[in-house]
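Novice: Let the sequences and hints guide you as you build the complete structure.
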Amino acid sequence: MKAAILVFPGSNCDRDLAVAFRGAGFDVTMVWHKETTLPDGIDVVGVPGGFSYGDYLRCGAIAARSPIAGALADHAVRGGYVFGPCNGFQILCETGMLPGALLRNAGLKYICRTVALRVEETESAFTAAYKQGQVIDIPIAHHDGNYTADPETLRRLEGEGRVAFRYVVTPNGAADGIAGILSENRRVLGMMPHPERACDAMQGGTDGAALFKGLAQALVAA
Amino acid sequence: MTEPAITPDLIAAHGLKPEEYERILGIIGREPSFTELGIFSAMWNEHCSYKSSKKWLRTLPTEGPQVICGPGENAGVVAIGPDADGHELAVVFKMESHNHPSYIEPYQGASTGMGGILRDVFTMGARPVAAMNALSFGRPDHPKTRQLVHGVVEGIGGYANAFGVPTLGGEVRFHASYDGNCLVNAFAAGIARADSIFYSAASGVGRPVVYLGAKTGRDGVGGATMASAEFDDTIEDKRPTVQVGDPFTEKRLMEATLELMATGAVVSIQDMGAAGLTCSAVEMGDKGKLGIRLDLDAVPVRETAMTAYEMMLSESQERMLMVLDPAKEAEARAVFEKWDLDFAVVGETIAEDRFVVVHGGEVRADLPLSTLASSAPEYDRPWEETPPPAILAPIPAADPIDALRSLIGSPNYCARDWVVQQYDTQVMGDSVALPGLDGGVIRIHGTNRGLAFTADVTPRYVAANPVEGGKQAVAEAYRNLVAKGARPLATTDNLNFGNPEKPAIMGQFVGALDGIGQACRALDMPIVSGNVSLYNETDGSGIDPTPTIGAVGLIEDLDRRIAWDVSQGLIALLLGE
Amino acid sequence: MKVRVEVMLKDGVLDPQGEAVRHALGTMGFAGVESVRQGKLIEMDVAEGTTDAEVKAMCERLLANTVIESYRIEM
Amino acid sequence: MKVRVEVMLKDGVLDPQGEAVRHALGTMGFAGVESVRQGKLIEMDVAEGTTDAEVKAMCERLLANTVIESYRIEM
Ligand SMILES: Nc1ncnc2c1ncn2[C@@H]1O[C@H](COP(=O)(O)OP(=O)(O)O)[C@@H](O)[C@H]1O
Numbered sequence: 745m746k747a748a749i750l751v752f753p754g755s756n757c758d759r760d761l762a763v764a765f766r767g768a769g770f771d772v773t774m775v776w777h778k779e780t781t782l783p784d785g786i787d788v789v790g791v792p793g794g795f796s797y798g799d800y801l802r803c804g805a806i807a808a809r810s811p812i813a814g815a816l817a818d819h820a821v822r823g824g825y826v827f828g829p830c831n832g833f834q835i836l837c838e839t840g841m842l843p844g845a846l847l848r849n850a851g852l853k854y855i856c857r858t859v860a861l862r863v864e865e866t867e868s869a870f871t872a873a874y875k876q877g878q879v880i881d882i883p884i885a886h887h888d889g890n891y892t893a894d895p896e897t898l899r900r901l902e903g904e905g906r907v908a909f910r911y912v913v914t915p916n917g918a919a920d921g922i923a924g925i926l927s928e929n930r931r932v933l934g935m936m937p938h939p940e941r942a943c944d945a946m947q948g949g950t951d952g953a954a955l956f957k958g959l960a961q962a963l964v965a966a
Numbered sequence: 199m200t201e202p203a204i205t206p207d208l209i210a211a212h213g214l215k216p217e218e219y220e221r222i223l224g225i226i227g228r229e230p231s232f233t234e235l236g237i238f239s240a241m242w243n244e245h246c247s248y249k250s251s252k253k254w255l256r257t258l259p260t261e262g263p264q265v266i267c268g269p270g271e272n273a274g275v276v277a278i279g280p281d282a283d284g285h286e287l288a289v290v291f292k293m294e295s296h297n298h299p300s301y302i303e304p305y306q307g308a309s310t311g312m313g314g315i316l317r318d319v320f321t322m323g324a325r326p327v328a329a330m331n332a333l334s335f336g337r338p339d340h341p342k343t344r345q346l347v348h349g350v351v352e353g354i355g356g357y358a359n360a361f362g363v364p365t366l367g368g369e370v371r372f373h374a375s376y377d378g379n380c381l382v383n384a385f386a387a388g389i390a391r392a393d394s395i396f397y398s399a400a401s402g403v404g405r406p407v408v409y410l411g412a413k414t415g416r417d418g419v420g421g422a423t424m425a426s427a428e429f430d431d432t433i434e435d436k437r438p439t440v441q442v443g444d445p446f447t448e449k450r451l452m453e454a455t456l457e458l459m460a461t462g463a464v465v466s467i468q469d470m471g472a473a474g475l476t477c478s479a480v481e482m483g484d485k486g487k488l489g490i491r492l493d494l495d496a497v498p499v500r501e502t503a504m505t506a507y508e509m510m511l512s513e514s515q516e517r518m519l520m521v522l523d524p525a526k527e528a529e530a531r532a533v534f535e536k537w538d539l540d541f542a543v544v545g546e547t548i549a550e551d552r553f554v555v556v557h558g559g560e561v562r563a564d565l566p567l568s569t570l571a572s573s574a575p576e577y578d579r580p581w582e583e584t585p586p587p588a589i590l591a592p593i594p595a596a597d598p599i600d601a602l603r604s605l606i607g608s609p610n611y612c613a614r615d616w617v618v619q620q621y622d623t624q625v626m627g628d629s630v631a632l633p634g635l636d637g638g639v640i641r642i643h644g645t646n647r648g649l650a651f652t653a654d655v656t657p658r659y660v661a662a663n664p665v666e667g668g669k670q671a672v673a674e675a676y677r678n679l680v681a682k683g684a685r686p687l688a689t690t691d692n693l694n695f696g697n698p699e700k701p702a703i704m705g706q707f708v709g710a711l712d713g714i715g716q717a718c719r720a721l722d723m724p725i726v727s728g729n730v731s732l733y734n735e736t737d738g739s740g741i742d743p744t745p746t747i748g749a750v751g752l753i754e755d756l757d758r759r760i761a762w763d764v765s766q767g768l769i770a771l772l773l774g775e
Numbered sequence: 161m162k163v164r165v166e167v168m169l170k171d172g173v174l175d176p177q178g179e180a181v182r183h184a185l186g187t188m189g190f191a192g193v194e195s196v197r198q199g200k201l202i203e204m205d206v207a208e209g210t211t212d213a214e215v216k217a218m219c220e221r222l223l224a225n226t227v228i229e230s231y232r233i234e235m
Numbered sequence: 161m162k163v164r165v166e167v168m169l170k171d172g173v174l175d176p177q178g179e180a181v182r183h184a185l186g187t188m189g190f191a192g193v194e195s196v197r198q199g200k201l202i203e204m205d206v207a208e209g210t211t212d213a214e215v216k217a218m219c220e221r222l223l224a225n226t227v228i229e230s231y232r233i234e235m
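Chains as they are written, first to last, in my numbering: chain A, 745 to 966; chain B, 199 to 775; chain C, 161 to 235; chain D, 161 to 235.
The hints are simulated quantities; they were obtained by calculation from the structure and are not laboratory data. All the given hints hold, so there is nothing to weed out.
In silico DSS-like links for lysine-lysine, alpha-carbon gap of 25 Å or less:
no. : chain 1 : residue 1 : chain 2 : residue 2
1   : C       : K162      : D       : K200
2   : D       : K200      : A       : K853
3   : D       : K216      : C       : K200
4   : B       : K413      : A       : K778
5   : C       : K162      : D       : K170
6   : C       : K200      : A       : K853
7   : A       : K853      : B       : K342
8   : D       : K170      : C       : K200
9   : C       : K216      : D       : K200
10  : D       : K162      : C       : K200
Here's a subset of chain B near chain D, in silico, CB distances under 7 Å, partners left out:
no. : residue
11  : E303
12  : G415
13  : R416
14  : V440
15  : V442
16  : D444
Small disclaimer: the values here were computed from a predicted structure and weren't measured. C-beta: ideal position from N, C-alpha, C; glycine also.
Specialist: Below is the structure:
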């Protein structure tokens, strides 16, 4: 099982994400944003959290136009898995691989704390190891996590069961409390919370580990 | 370009006293050029020269078997045992103030303060792993407080969060003595291999002096001088061009610097802080007993028509100066180009003991380097012992529950979540204890050992009795570490006081240092780095003496840390006298 | 050659920053501020002869997120 | 009544965002973009009869940080 993690010049959760992937049994390769191809045989691409380009202009905007973005899109088109927490989610929206956009938090402040999420959808490799409706504790740390999309898109996301996680209490103004969404083929997941920060007991919780394990199990089974 | 003539007014505007100017004339034997005057003023101001405090700082304990490098470099270095592969590691840490800039522009002032302290840590070869910030504001209902609190907290978070270092502790206090002078003290700690710490002493003649990082603008020209002056009504006029923090560039500068260090190309390195190019070049030369020649035409600039004076005094952020192994220049350049940062050879080390600055084909400064570095005046300022505090009026009887309510509802004792939640406390994935109780704890990556951090001082104790207040600050820091299950290792201090030219203020300083020194000796917590911020006064009224103590402890086995998993049925014990 | 690009959130997209500014102005005692929208103003110095179409491409591909934002070019 | 306020960083003040945008445009293949400055555009709907002086006060007190930013009002 092979994971590639994209590294943008300002990424700062790239190593954390690598640790989480390795913990679930993945071989991890870090891929520099100036590359135009991914290494062979990659099963999943991690688009890490952090401040890929300092959050300048719009969060994720510049990363979404970086040289590696084309290879990322191709990987998704081929049916590869992509996982983007936090800034990764913002980047995936900016590339158009996921619908909608992330605006400044409703309270305008950066928020870092652990929040309760409800697992809304277990029909995806990322969420298969959770129980439908399970409530999990996962840290958030963002300034722009206020998910927005036009009403039609929101209806589709709900109707197609693509809202993967929802906040139990919405901290940032996100539409319908949406914390994470899946692509149409359910192989691309973007979410504002950081499951990679909840993978070992020393971090204060392990509710995030099942996401990486679920993905690993899906790959083994395939 | 012709430089202005040297007049008494110009000398005074540089914060130099007439007798200090006489001293300059004695050293160089002629009238200085405008650029040279700027260089002297930068080197001799309180901020760079510690001219009022040096005598007393020397009395602090700075040694111990755990200390790898004490004060004098960008940050202190302390041994913390091996990593998972058996390499000995060190923690590199320091605390520094950015009080005056934060009062003028809270967001950018706090942000660049955070940036500066992070740079101090990675300049030594350590990857920053933890940050703290100790903040003192005026009364909550003072008209300026609200804006300062918002700006400062957002500025600290804006920088530390984007850079990617977890904020693990700090302090927030409100008191009338800070109405006109808020305090912003930023702490950072990093981890490095003990055998690859980088220092500032240059070595080898004819080696390239390399400029790294962001371009130079007119930011803060005059800023270092300002840190030595009291505020008054003319503050608007003294305002230098404000420095703007760029955490995105700093993050790249850190990655590039660490990558470069791993190639073996770096002979010595120094970050450009206050009076950037001047202080960093002089320090590298002086420590290595070499001269330096700078060619300012090669300095990357972002504004047109910058003069030598402006370049030498610019405080533009996110820059470093380095002496390079000439054989590795191409390799070094490639690393910086990878990270899209400026890399320019701007000079060389020379055998003669001179600091030569050339711009546009003209020599703008030619000064004796070691004398310039060591000649800063040192003052034994008069001081008087702080009189014993007035006896407090008896405390009126109060219902204990009411008293508790008003305590926890008061600005100084209420929960700090509203601040802490604006900081990323978990980035890097190794945060074990978040701010909330005592200090924060991180895991030393890949091991089961941890580092605990705390920042403490109680200014009213120091005001009442500087010696005892100084001791108390150290003791509180010690207790906070122990309460996490950590063995206290070492200390950094950030000494914030009023105008040292007043004997009463100087007395507070002398007393507090005495107390801090005694306590650090008794508790075996040597001081390995620190920073002094004087002249925290507005219209003649100074702050309460605020010597912030930052301390670091080691937890040998994280499974045995004290974790505060309080549950019903446990027994509460009160320890101590 | 100077180019100015104005980027605003589209109508109907909630603007948390504008809303906060409106609220703050009210708190500060400025009456009658009914709505505030906050956008970006980007001033560029581009090569002589840069075409309208090129600037438009910059907007579409980077400067604006056309899912939520509209833009206006002044050359 | 519509009011527009443009807020830009003063000359000489570092604009990290503008610089990042300039660099990104170059990487994306847009040649000749020499400088980019990013500011704010604030569109307000204020009560009929709001004076110039009032809007100026809003700018000084909230909309612009006059330490580092300058502003321009269009009413
Ligand atoms: N500015 C700040 N930044 C980060 N953490 C802070 C800040 N101010 C206070 N804290 C944290 O909040 C908690 C409570 O603060 P305080 O009451 O000063 O601490 P203590 O437990 O040391 O008495 C501590 O964990 C402290 O580190």
